[in-house]
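K.L.:
If you want the building blocks of each chain, they are given just below.
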Amino acid sequence: MLATRSIKRDSKILGLRLAIACMDLTTLEGKDTPERVKQLCRKALTPDPEDPTVAAVAALCIYPEHVAVAKMALRGSTVKVASVATAFPSGLAPRNVKLLEAREAVAAGADEIDMVIDRGAFLAGRYRDVAEEIAAVKEASSPALLKVILETGELATYDNIRKASWLAMEAGADFIKTSTGKIQPAATLPVALAMLQAVRDYEDRTGRAVGVKVAGGIRTAKQALQFLVLVKETLGEDRLDARYFRIGASSLLNDALMQLTKERTGAYQSEDYFTKD
Amino acid sequence: MAARVAVRKTHKLYIGGAFVRSESGRTFELSLHEQVFQVARATRKDVRDAVRAARTAWPSWRDRTAYNRGQIIYRLAEIIESRRDQFVETLRITGSPSGAAEKEVSAAIDRIVWYAGWCDKIEQLLSTKNPVGVHHFNVSSPEATGVVGVVAPTESGLIGLVSALIPVVCAGNCAVVIASERESLSAVAFAEAIATADVPAGVVNILTGYRSETVPTLASHMDVNALDLWIADEEQDAAAAQLACNNVKRVRRHGEPPQRFWFTDAAQGPGWIEAFMEIKTVWHPAGV
Amino acid sequence: MPVRPVAKRRGKPAQSGRALGNGKRLKVEDTARLAVTQPPRTTWPYSPAPEARDYIKLAPRYELFVGGKWLKPKSGRHFTSINPATEEVLTHVADASSADVDSAVRAARAAYEKYWRRCPGSERAKYLYRIARAITERSRELAVLESLDTGKPIRESRDFDIPLAAAHFFYYAGWADKLKWAFPNASPTPLGVAGQIIPWNFPLLMAAWKIAPALACGNTVVLKPAETTPLSALWLAEIIEQADLPPGVVNIITGGPQTGSALVRQPQVDKIAFTGSTEVGKEIARECARLRRRVTLELGGKAANIIFDDAPIDQAIEGVINGIFFNQGHVCCAGSRLLVQESVLDLVVRKLFRRMQTLRVGQPLDKNTDVGAINSKAQLEKISALADTGEAAGCTRYETKCMLPARGFWFRPTFFTGVSLSHRIAQEEIFGPVLSVITFRTPDEAVEKANNTRYGLSAGVWTDKGSKNFKIVSQLRAGVVWANTYNKFDPSSPFGGYKESGFGREGGVHGLLPYLER
Numbered sequence: 006m007l008a009t010r011s012i013k014r015d016s017k018i019l020g021l022r023l024a025i026a027c028m029d030l031t032t033l034e035g036k037d038t039p040e041r042v043k044q045l046c047r048k049a050l051t052p053d054p055e056d057p058t059v060a061a062v063a064a065l066c067i068y069p070e071h072v073a074v075a076k077m078a079l080r081g082s083t084v085k086v087a088s089v090a091t092a093f094p095s096g097l098a099p100r101n102v103k104l105l106e107a108r109e110a111v112a113a114g115a116d117e118i119d120m121v122i123d124r125g126a127f128l129a130g131r132y133r134d135v136a137e138e139i140a141a142v143k144e145a146s147s148p149a150l151l152k153v154i155l156e157t158g159e160l161a162t163y164d165n166i167r168k169a170s171w172l173a174m175e176a177g178a179d180f181i182k183t184s185t186g187k188i189q190p191a192a193t194l195p196v197a198l199a200m201l202q203a204v205r206d207y208e209d210r211t212g213r214a215v216g217v218k219v220a221g222g223i224r225t226a227k228q229a230l231q232f233l234v235l236v237k238e239t240l241g242e243d244r245l246d247a248r249y250f251r252i253g254a255s256s257l258l259n260d261a262l263m264q265l266t267k268e269r270t271g272a273y274q275s276e277d278y279f280t281k282d
Numbered sequence: 028m029a030a031r032v033a034v035r036k037t038h039k040l041y042i043g044g045a046f047v048r049s050e051s052g053r054t055f056e057l058s059l060h061e062q063v064f065q066v067a068r069a070t071r072k073d074v075r076d077a078v079r080a081a082r083t084a085w086p087s088w089r090d091r092t093a094y095n096r097g098q099i100i101y102r103l104a105e106i107i108e109s110r111r112d113q114f115v116e117t118l119r120i121t122g123s124p125s126g127a128a129e130k131e132v133s134a135a136i137d138r139i140v141w142y143a144g145w146c147d148k149i150e151q152l153l154s155t156k157n158p159v160g161v162h163h164f165n166v167s168s169p170e171a172t173g174v175v176g177v178v179a180p181t182e183s184g185l186i187g188l189v190s191a192l193i194p195v196v197c198a199g200n201c202a203v204v205i206a207s208e209r210e211s212l213s214a215v216a217f218a219e220a221i222a223t224a225d226v227p228a229g230v231v232n233i234l235t236g237y238r239s240e241t242v243p244t245l246a247s248h249m250d251v252n253a254l255d256l257w258i259a260d261e262e263q264d265a266a267a268a269q270l271a272c273n274n275v276k277r278v279r280r281h282g283e284p285p286q287r288f289w290f291t292d293a294a295q296g297p298g299w300i301e302a303f304m305e306i307k308t309v310w311h312p313a314g315v
Numbered sequence: 471m472p473v474r475p476v477a478k479r480r481g482k483p484a485q486s487g488r489a490l491g492n493g494k495r496l497k498v499e500d501t502a503r504l505a506v507t508q509p510p511r512t513t514w515p516y517s518p519a520p521e522a523r524d525y526i527k528l529a530p531r532y533e534l535f536v537g538g539k540w541l542k543p544k545s546g547r548h549f550t551s552i553n554p555a556t557e558e559v560l561t562h563v564a565d566a567s568s569a570d571v572d573s574a575v576r577a578a579r580a581a582y583e584k585y586w587r588r589c590p591g592s593e594r595a596k597y598l599y600r601i602a603r604a605i606t607e608r609s610r611e612l613a614v615l616e617s618l619d620t621g622k623p624i625r626e627s628r629d630f631d632i633p634l635a636a637a638h639f640f641y642y643a644g645w646a647d648k649l650k651w652a653f654p655n656a657s658p659t660p661l662g663v664a665g666q667i668i669p670w671n672f673p674l675l676m677a678a679w680k681i682a683p684a685l686a687c688g689n690t691v692v693l694k695p696a697e698t699t700p701l702s703a704l705w706l707a708e709i710i711e712q713a714d715l716p717p718g719v720v721n722i723i724t725g726g727p728q729t730g731s732a733l734v735r736q737p738q739v740d741k742i743a744f745t746g747s748t749e750v751g752k753e754i755a756r757e758c759a760r761l762r763r764r765v766t767l768e769l770g771g772k773a774a775n776i777i778f779d780d781a782p783i784d785q786a787i788e789g790v791i792n793g794i795f796f797n798q799g800h801v802c803c804a805g806s807r808l809l810v811q812e813s814v815l816d817l818v819v820r821k822l823f824r825r826m827q828t829l830r831v832g833q834p835l836d837k838n839t840d841v842g843a844i845n846s847k848a849q850l851e852k853i854s855a856l857a858d859t860g861e862a863a864g865c866t867r868y869e870t871k872c873m874l875p876a877r878g879f880w881f882r883p884t885f886f887t888g889v890s891l892s893h894r895i896a897q898e899e900i901f902g903p904v905l906s907v908i909t910f911r912t913p914d915e916a917v918e919k920a921n922n923t924r925y926g927l928s929a930g931v932w933t934d935k936g937s938k939n940f941k942i943v944s945q946l947r948a949g950v951v952w953a954n955t956y957n958k959f960d961p962s963s964p965f966g967g968y969k970e971s972g973f974g975r976e977g978g979v980h981g982l983l984p985y986l987e988r
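So the protein lines, in turn, are chains A, B and C.
Residue 207 in this note's numbering is what sits at position 202 of the first sequence, and the numbering runs on without skipping anything.
Residue 290 in this note's numbering is what sits at position 263 of the second sequence, and the numbering runs on without skipping anything.
Residue 705 in this note's numbering is what sits at position 235 of the third sequence, and the numbering runs on without skipping anything.
Treat each hint with caution, since some may be false.
[Unchecked claim] A short list of chain C residues far from chain B (calculated; beta carbon distances all over 10 Å): (1) ARG608; (2) ARG735; (3) THR828; (4) GLU869; (5) GLU970.
[What the hints assert, rightly or not] Mimicking DSS-like on lysine-lysine, the simulated pairs with C-alpha atoms at most 30 Å apart in a straight line are: (6) LYS281/A to LYS938/C; (7) LYS958/C to LYS650/C; (8) LYS650/C to LYS596/C; (9) LYS941/C to LYS156/B.
[Claimed, not checked] Partner residues are not named here, just some residues of chain C that face chain B (Cβ under 7 Å, in silico): (10) ILE709; (11) ASP960; (12) PHE973.
Hints listed in this document are in silico derivations from the structure and should not be mistaken for laboratory results.
All residues carry an ideal CB built from backbone N, CA and C; glycine is no exception.
All chains should be built: construct the whole structure from the sequences, respecting the hints.
P.N.:
As structure tokens, this is what we get:
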């Protein structure tokens, strides 16, 4: 039902700007190089060189290998460096290796850690192991903010998603995140809704506000606006903020910029006018 | 015995290889002397979707061999020939006398065949190897400009549309066609021919509707490279030409020629293809 | 070479003198002698090599060349033309008003109707040949004048601008009586009066690019040179006068932007040809759309010069240097974005920096100067401001280490590393000697980044692998692609852009199209 909300004109412009401000601009490819990361940092800082009113994104999301380079390129700015860790995306590695990765990423300057839970353990019913691991990573990542990727596509059922969400929050997650973006399905509206509802219930119970990050398969501005509607109508408008809501994406940024420009000029846009990075 | 109840066609838009209703769900009424038709009324969002479909289809359309494009266009002629009666009937319903309709359909098919043969020759005609001296190799050759918006002739049902659209596609461009309001039925029939003729999805997109609601969006669209305007209304034509300057579109403006024009030599030629191509000149040193 | 005594060894008596490698040893007294007679470290500065300019006779004032006569501007106003290298005033030129534009267009139309459209192609050809030859005869003078007026090095005006201008007239002269062979099944006819507006970066060459094809096709011309560089066009007018070209066939009116607008709007003009910025080009396109007038445009660019890891690196560096520092970067097709494959980034940057240090920035009339003056104060301010944004945004700036003269407008050749497409210096046309170095990883990424711009005038590709070269060239959306070379021009080679770099071609048989009705 919420997907059919009609977001027009001023609310559309505001929504697009919010989506950009809540974006974790992401590059997680085996072929990422230092120069590639540096260039993406620039895009993160000035998404549209023609329009300085467009804010920088919330964070850059990359592999630990590139944290130092990103930190240098983003110094003095508001853009956070978020690093994946714990053997992203599979999560299958010895515990000490996973913790070391998180520690090293933070030592290199990461402000945030996006960890993956052990889905194998979860689906095998070893919930306590999963929870302990999250708590251990939280400690190893301190003082960085911890986002916990549930990989909802592998958890498959809404019950599992809710259970995993709860477990992660109890273990100390600052954000719960839908997906690694490496498999489909990833962030869908129903999945996000389930997680938002879990967050709401947890907050009612404990008073602690946990953030939600949707990632994977969000390519169009239209989709982003739909997620914003979900957040607004589940948790409230004040959660439409990078402290509580993130969208992990890459090509979404230019789609949002093209929409913004279209709203401003009245003309549909071409990709040639928006920088790839 | 009571006459059989006919199954009436829904006249839809043709975007990205599929027949779709307008995203607005709206139609407009076309009252022709035998019947009232409801035809899909395209909105600017449909224009947006059509341009996106054209742009998406373009790299692979452009990268096909010219021979392959020629084969596809020839097949379009085959399909229309096999559906002659439908096209003649459609023209007739829209007001053409039978004899004229027959002549028009024949001419349209022949023109498509003529252009099919140009696909793999136009490059030879327009290319030059330039005499810059022995130390460099230098060649100029044409390539497709990209996405072309065609605002189709209004008075002619088929021959005008074919004459404007086919050369554009021959050149390797993808097209978004804004059909004549009065001739919507022919445009839809033509779309059906395109859909069944191996023309890849998105190469030709056909939008029916009120031109005042779609032409400005097409003319101002930053991802459209060129416009072919057959607009009788001077104000609409002038407005479109102004909007086109925003991204330096290549624009041809023709107004509305009389029906007899389409049957003259001037109504076809390699220049019609060339108008929507760009010349690229490449240099390379020659030395060891 | 400093000579070091051999170190003492334990257990053995010290051997005196340095080993000479042939079993002998240099005796200490010899080394002392040698040390005194070693030549000092060599330097070899180039002496100034100025091109003579004392024989250049500039009139104190120039009028408008209309209808074969030199007419005073109706406003009575003249403006100065200065030498950007020294800021000295060279002369004063007329400021044409709309009334003057009207006179010029009337003269062009009269010439067209009365005789030029009926003049056989073979006769038109002979006029154009005369002009070509006359330019060659006076080429040295014209080169000096061009350098004085624009600030470009004399080597460039002497070896490039002037000879190529003459060549354009010569090439199009040959087409004048062969038009019916130019396009199959067509008997083309001229359009009428062409209004032509040209920029300040290659003044005489741009005038040639415009006038030659227009005349060859049977049109008459009203040409407006750029405000800061009118002089070579005025001398061209003298050449045209001396060639006895019928009066009114070519009219040259100097003035500023208002003169240009007036020309675009003049109702009797059949065709407008404009070379200049994209911004102004769009305005002209709108005006021409309103007037239903034919137009061709050659606008801005932000060309990518792509170096692959299998490129001939030293040659590529030469090509890059030429691509951006030739004519102080005042070139629409300048290779202002260097796209270098990440695996060879350090190597390329090192070589680029080293090569850049040998660029000589100095007086345009010095024959050893590589990089001359910036064309105007306004342009210098624009370049500096944009370059500063690069630095402010965290890119690393590299410059040629050199002294700059006290007077005049100067900018050191500069390049930035750590540039991303989202930096302003990677997006906006700087039109100055500033290069942005951007990396890519794969051929597809190179093409994607090269094409990720509103412009599409030119591009460069450097790779020794043939199939890769052909492939990349075919994917680049640019009207001119230089493969393993850069900045090559020829009158027979069509030049022009894709997308917002304009439409229409200049040069070659395709360069006839803008001036013909088929």
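K.L.:
Interface hint check: PHE973/C, Cβ to nearest Cβ on chain B, cutoff 7 Å. Holds or violated?
P.N.:
holds (5 Å)
K.L.:
With 7 Å as the cut and Cβ atoms as the points, is ASP960/C at the interface with chain B?
P.N.:
Status holds, d = 4 Å.
K.L.:
Against chain B, run the beta carbon of ILE709/C and see if the smallest gap drops under 7 Å.
P.N.:
violated (26 Å)
K.L.:
Are LYS650/C and LYS596/C close enough, with their CA atoms no more than 30 Å apart?
P.N.:
This hinted pair holds, its Cα atoms lying about 18 Å apart.
K.L.:
Could you let me know if the closest chain B CB is still more than 10 Å away from the CB of THR828/C?
P.N.:
holds (22 Å)
K.L.:
Check the hint pairing LYS281/A with LYS938/C against an upper bound of 30 Å on the C-alpha distance.
P.N.:
holds (23 Å)
K.L.:
Given the proposed pairing of LYS941/C with LYS156/B, does the C-alpha separation stay at or below 30 Å?
P.N.:
holds (19 Å)
K.L.:
Taking the shortest Cβ-to-Cβ distance between ARG608/C and chain B, state whether it exceeds 10 Å.
P.N.:
holds (24 Å)
K.L.:
Are the Cα positions of LYS958/C and LYS650/C separated by 30 Å at most?
P.N.:
With Cα atoms ~29 Å apart, LYS958/C and LYS650/C stay inside 30 Å; holds.
K.L.:
Please settle this one: GLU970/C was flagged as non-interface, so is its CB more than 10 Å from every CB on chain B?
P.N.:
Nearest chain B Cβ is 5 Å from GLU970/C, so the label is violated.
K.L.:
Please verify that the nearest CB of chain B lies beyond 10 Å from GLU869/C's CB.
P.N.:
holds (30 Å)
K.L.:
Just double-check ARG735/C for me: nearest Cβ-Cβ distance to chain B has to come out over 10 Å.
P.N.:
Given that every Cβ of chain B is farther than 10 Å from that of ARG735/C, nearest at about 15 Å, it holds.
Of the numbered hints listed earlier, those contradicted by the structure are 5 and 10.
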